[in-house]
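Novice: Single-letter residue listing:
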Amino acid sequence: MYDTKHEIRNTRYQLRKTNYEEVIIAGFGGQGIILAGKLLAQTAMTAGREVTYMPAYGAEVRGGTANCAVVIADEPIASPLVSRPNSLIAMNKASLNKFGGRVKPGGLLVFNSSLIDEKNLDSLDETIDILPVPADEFAVELGNQKASNMVALGAYLQKTGLFSADAAAQALPDVLARRYHKTLPVNTKALHRGAKFAKTTDSIQL
Amino acid sequence: MREKGDTSNGVSERTLRCGNEALAEAAVLAGLDAYFGYPITPQNEVTAYMSKRMPEQGRVFIQSESELAAINMVFGASATGKRAMTSSSSPGISLMQEGMSYLAGAELPAVVVNVMRGGPGLGNIAPSQGDYFQATRGGGHGDYRTIVLGPSTVQELADCMPLAFDLADKYRMTVVVLADGILGQMMEPVVLQEKPRPELPPKDWALTGAQGREQNIVRSLWLKEGALEEHNYKLQAKYRQVQETEVRCEDYKIDDADIIVIAYGVAARIVRSAVNRARQEGVKAGLIRPITLWPFPHEQISRAAEEFRIFLTVEMSCGQMVEDVKLAVAGKVPVLFYGRPGGGIPTVDDVLENIRQLTLPLKRLVP
Amino acid sequence: MKAVFARTPSLKDQPTHYCPGCGHGIAHRLVAEVIDELDIRGRTIGIAPVGCSVLAYDYLDVDMVEVAHGRAPAVATGMKRTNPDKIIFSYQGDGDLAAIGTGEIIHAAHRGEQITVIFINNAVFGMTGGQMAPTTIPGQVTATTPVGREVVGQGYPLQVSELLAVLPGAVYVERCSVHNPARILRAKKAIKHGFELQLNGTHGLSLIEVLSPCPTYWRMTPAKAMEWVETEMTKVFPLGCLKDV
Chain A
1 MYDTKHEIRN TRYQLRKTNY EEVIIAGFGG QGIILAGKLL AQTAMTAGRE
51 VTYMPAYGAE VRGGTANCAV VIADEPIASP LVSRPNSLIA MNKASLNKFG
101 GRVKPGGLLV FNSSLIDEKN LDSLDETIDI LPVPADEFAV ELGNQKASNM
151 VALGAYLQKT GLFSADAAAQ ALPDVLARRY HKTLPVNTKA LHRGAKFAKT
201 TDSIQL
Chain B
1 MREKGDTSNG VSERTLRCGN EALAEAAVLA GLDAYFGYPI TPQNEVTAYM
51 SKRMPEQGRV FIQSESELAA INMVFGASAT GKRAMTSSSS PGISLMQEGM
101 SYLAGAELPA VVVNVMRGGP GLGNIAPSQG DYFQATRGGG HGDYRTIVLG
151 PSTVQELADC MPLAFDLADK YRMTVVVLAD GILGQMMEPV VLQEKPRPEL
201 PPKDWALTGA QGREQNIVRS LWLKEGALEE HNYKLQAKYR QVQETEVRCE
251 DYKIDDADII VIAYGVAARI VRSAVNRARQ EGVKAGLIRP ITLWPFPHEQ
301 ISRAAEEFRI FLTVEMSCGQ MVEDVKLAVA GKVPVLFYGR PGGGIPTVDD
351 VLENIRQLTL PLKRLVP
Chain C
1 MKAVFARTPS LKDQPTHYCP GCGHGIAHRL VAEVIDELDI RGRTIGIAPV
51 GCSVLAYDYL DVDMVEVAHG RAPAVATGMK RTNPDKIIFS YQGDGDLAAI
101 GTGEIIHAAH RGEQITVIFI NNAVFGMTGG QMAPTTIPGQ VTATTPVGRE
151 VVGQGYPLQV SELLAVLPGA VYVERCSVHN PARILRAKKA IKHGFELQLN
201 GTHGLSLIEV LSPCPTYWRM TPAKAMEWVE TEMTKVFPLG CLKDV
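Residue numbers (the working numbering), protein chains in the order written: chain A, 1 to 206; chain B, 1 to 367; chain C, 1 to 245.
No false leads were slipped in.
Derived pair list, reagent style BS3-like, types lysine-lysine, alpha-carbon separation capped at 25 Å: (1) B:203 / B:238; (2) C:189 / C:243; (3) B:224 / C:12; (4) B:52 / A:182.
Please keep in mind that the hints were generated in silico from the structure rather than gathered at the bench. Predicted, not measured: the structure shown is a model, and the values here were computed from it.
Work the whole structure out from these sequences, hints included.
Specialist: Quick look at the structure:
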C-alpha cells in the first residue's frame, strides 16, 4: 500500500487534514486517564468541533486498568467506538501492550517514558510516529505526580496540533471536580510543560 | 463535576454529558415528578444524578429496595396522575416485567429506560441490544404493547425523554427508552431544553381523592364474563392508533442503494460509518434506522423492498429485530443478518466487510 | 323509631361476595367508618391487594387502586411521596403482605413511609383455595399442609407485627382481632389511630394487624371460627399494641 516511510508520514498528515481524529488514552486507575479524555473532549467541544468520548466502564476498569476513546471531527460522528486509533496515549506498559498494535499505520504514539522502557516498542508498526514523554518526572518536578496525565495530553495536543495547551487549560474547570480545583494551577503548568517538551523533541523513528 | 449546563431558563448551552446524565436532566426538564430506581451498571449515573437533582427541585427521588419496588412506586405515582419514571439495565428490567404488565392492564402512563447490557442471566455489563424481543413484545404476561424508542445519539436520547412522557400521557401507556451501555456511558455535546408540552388528554382517571365526585378505580382485574375480552379489544384499538400515528424512522442514502442495512441505536451509528465507507468504495449502500422499535416501521421497510436489493440487519444481539424486518419485507427480497451478542460490538470494518461480500454477486451480475 | 346503626357513607350498598362468617366484611366496615368519622373521603386513596379482598374497591367508596401481589407498600410509597397531603392506606392479606410482599412491607416500614397498612391475618390463603400461609399455625390443616403444618420443613408462623415493630421507621404497630364486639371496637380504635398518625403528619408507617376468621378454609362454622381465633390464633399471635411512638 505504501511505498516509503516518507509517504506514510505524509499520509499521517493527510489523516490529520481529514480532521477526523480517533485517540485512545490508556493507563492504570489513578493516572487520570478518564480526566484526560474528558478534558480533550471538552476542549474539542469548546472549539466547536463534534466529539464523542467513550470510557471503558464498570468491572472492566477494576483491577487497575483504565482507558477511553475520543473521536473528534467536523461532522456528526457516526461511531464513538475506536478499534484502530490514529493516536494512542499510553501511560503504562500494559496499555502499550494492549493498544500499541492497534494504532493505524502512520499514526501517533505518545507514551509515558517514566514508566515504559523503549524496548517495549519493538513490536510496533514501524510507520508510527513515536514520542516518549517523561510524564511522571515532569509532574513530580512541578510538584504533583498526579499531573502526569496532563503532561502527556499537553505533548499530544502539541504533536497533533489539534488544540493549544491554553485551550485545554481553559476547559479544565469544566471537567475537573470542584473539590480538585486547587490543582488547576499545577495541571495547567503540566499541560504547558508537555506541550513545550513536544515542541522541542523529535519523535523516535523505528 | 461542576454544575454544568444550567437549565434554569429552560435551555442549556451545548454541554458535554454522558447519555445517562443527559437523559436524566431531560426527564427533569420534561416535568418528571418522581424518579424511582435501584442501582445497576451501566445506568448508575441516572440514579446518582436524580438523587441530587430531584430533591433540589422539590421533587421525589427514592432509591428503592428492588426493581420490583421501583416499578410499583412508578405505578403508585402514576396512578395519582404524576409523571414518574424508572431506569435500569437488562436484569433489572426483567424484574420489572410484572409491574409493566400491570401498568399496561391498568392503562397507566410510565417511562422506563433500559440501558441494555449483555445477557442472558447476570451476563455482563458490556453494551448489548439483546432485550429487543422483551421490549417490543410487551415483556410481561398478557396481550399488551409498550411504545419503544431506540435513540442512537446522546442528543437523541435526551430528546426522547419529553417525547416519551408525552406519548405515555397521550396513550396511557408505558414508553420504553431502549438505550445501551455505550449510549449511557459515552459523552457527547448535547443541548437540553424545556419543550412546550403538547395538548394532552386530562387525567380525569387519576386517583386524587374522591372529593365531590364518584370514586375512581385504577385496576387491571376484569372478572365479569367478557369484560377482560372487551378490555383487551380496547387496548388493541389504542395500539392500532399508535401504529398508525407514531412510527418514527430515518433513512440514509437508500434511494439508489443496492444494499440496505437496517440497524437501530448505537449499532446504527456503526452502520452509518460503514455505509459511508462503502460508498467511497463505490458500493451503493444505505441505512434504514427505526427510531420507534414498536411501532415498527413496517411500511417504510416494505416500500424499500419493492425494488430488488439486499437487506442486511445489524444488531448487537444474535438477531432479534431481523425478525421484524423479515415480517416487513415479507419475502420480497433476501434479508441477512450480522450481529454480535453478549457485549460483542460489530466494528465498522466488520459491517463493511459484510456489505462488500453481500454485494459481490451484484457486481458480477451488473458489469 | 330511632335508627341506632346505619351503613356509613364510604361503604357501598353492595351485596357481599365474602363467605359467611368472613372477617373481611367487618374490617371493610371499620375502615369505611374511620374514613367517614375523620371526614377524609375526599383525600383518601386505598390500595387493594391480590387475595380475597382484591375487590375491596367494590365496597369501599374511595379512590382505589388494585395492584400486583404483595407490591402495595411500594405503590403506596409512590403515591404518598408524590401526594403528601393525601391519606394512603393499603389493605393486604397474609399471603400478600407476609409471603410475596415481605420485601416491600419491610422496606416501606424501614424507610418510614407515612402510610397506614391494614394487615388481615386469617392464617390461610383464601382466594386460591385454602393453602398454607406464612401465618398458618403449627398443626393447622390446609390444602397444602394435609397433615397439619409441620414446623420442620414448613416453618413457624411468621410474626410480621413483631418483626416490623423493631424497625425505627414503624411508628405504630398493633395486633387486633374481629372475633367479638369488644375486639371489633378495639380494632376500629387502632385503625383510626393509624389514620390519625398519618393525618397529623407523624413520620413513619403504621400497621394494624387484624386476626380474621376464615370459616370456609378452616372448615368450621362461623361461630366456631370466631372461637378458634380466640383459643388458637391468639396464642401464636398475641393481641395488643406492640409499638406506639
